[in-house]
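**Q** For the sequence shown, full-length UniProt numbering gives the first residue as 1, with consecutive numbering after it.
Derived by calculation from the structure, the hints in this document are not laboratory data. Do not take every clue at face value.
Stated by the list, open to error - Estimated spans, in silico, between C-beta atoms of each pair:
| hint | residue 1 | residue 2 | range |
| --- | --- | --- | --- |
| 1 | L27 | E6 | 33 to 39 Å |
| 2 | V32 | P96 | 28 to 34 Å |
| 3 | R40 | E89 | 35 to 41 Å |
| 4 | R18 | Q42 | 49 to 55 Å |
| 5 | A55 | L102 | 42 to 48 Å |
| 6 | S30 | H97 | 49 to 55 Å |
Each residue gets a CB set at the ideal place from its N, CA and C atoms; glycine is no exception.
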Amino acid sequence: MVRRREASRKTRSSLSERLAQEAKPILSKSSVRRQKQRAREQLAGNREGLQAMAAAVTSVESTIESTPREPGRASHSKNTARSRRAMLERERQRQPHILADLQRQADPFAALRTHVRNTLDLAPRTVRETDEAMSDT
Numbered sequence: 001m002v003r004r005r006e007a008s009r010k011t012r013s014s015l016s017e018r019l020a021q022e023a024k025p026i027l028s029k030s031s032v033r034r035q036k037q038r039a040r041e042q043l044a045g046n047r048e049g050l051q052a053m054a055a056a057v058t059s060v061e062s063t064i065e066s067t068p069r070e071p072g073r074a075s076h077s078k079n080t081a082r083s084r085r086a087m088l089e090r091e092r093q094r095q096p097h098i099l100a101d102l103q104r105q106a107d108p109f110a111a112l113r114t115h116v117r118n119t120l121d122l123a124p125r126t127v128r129e130t131d132e133a134m135s136d137t
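Please model the entire structure based on the sequences and the hints provided.
**A** Right under this line is the structure:
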């Protein structure tokens with residue numbers, strides 16, 4: 001009997017020692033879920049950066065004047081294999097310049113706006129104050 005009691009005490013004490021050594025609090029399922037959600041939000045990026053990007057997009061949209069296109073001009077060109085290859089080659093030539101410009105400028109969004117403005121077939125527009133401000137950054 002004595003040996004049995006001693007063995008059970010020994011087992012209990014070793015178990016309590018192991019639990020004390022771990023000292024890791026047991027988290028509930030909802031707590032683990034909240035921690036994972038916080039980690040995902042941090043990986044997705046901060047909201048301030050996304051808000052700044054949304055403001056940049058709206059500023060670009062406001063600077064572009066909507067002018068009617070020429071009536072004789074087709075709105076969409078044919079998307080042939082030859083035109084796709086030509087477009088791909090043009091973009092391959094432009095890409096190193098765009099990446100170099102992004103690294104050189106303090107505001108990479110300004111470089112992207114300039115690239116989009118130069119790449120897309122936009123109707124002619126007048127220069128506004130905001131355009132000058134964008135080119136200064």
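**Q** It remains to establish, for every hint, whether it holds in the given structure.
**A** Results of checking the hints against the structure:
no. : hint                   : in the structure
1   : L27 x E6: 33 to 39 Å   : 35 Å, holds
2   : V32 x P96: 28 to 34 Å  : 45 Å, violated
3   : R40 x E89: 35 to 41 Å  : 39 Å, holds
4   : R18 x Q42: 49 to 55 Å  : 33 Å, violated
5   : A55 x L102: 42 to 48 Å : 19 Å, violated
6   : S30 x H97: 49 to 55 Å  : 51 Å, holds
When held up to the earlier numbered hints, the structure conflicts with 2, 4, 5 and fits the remainder.
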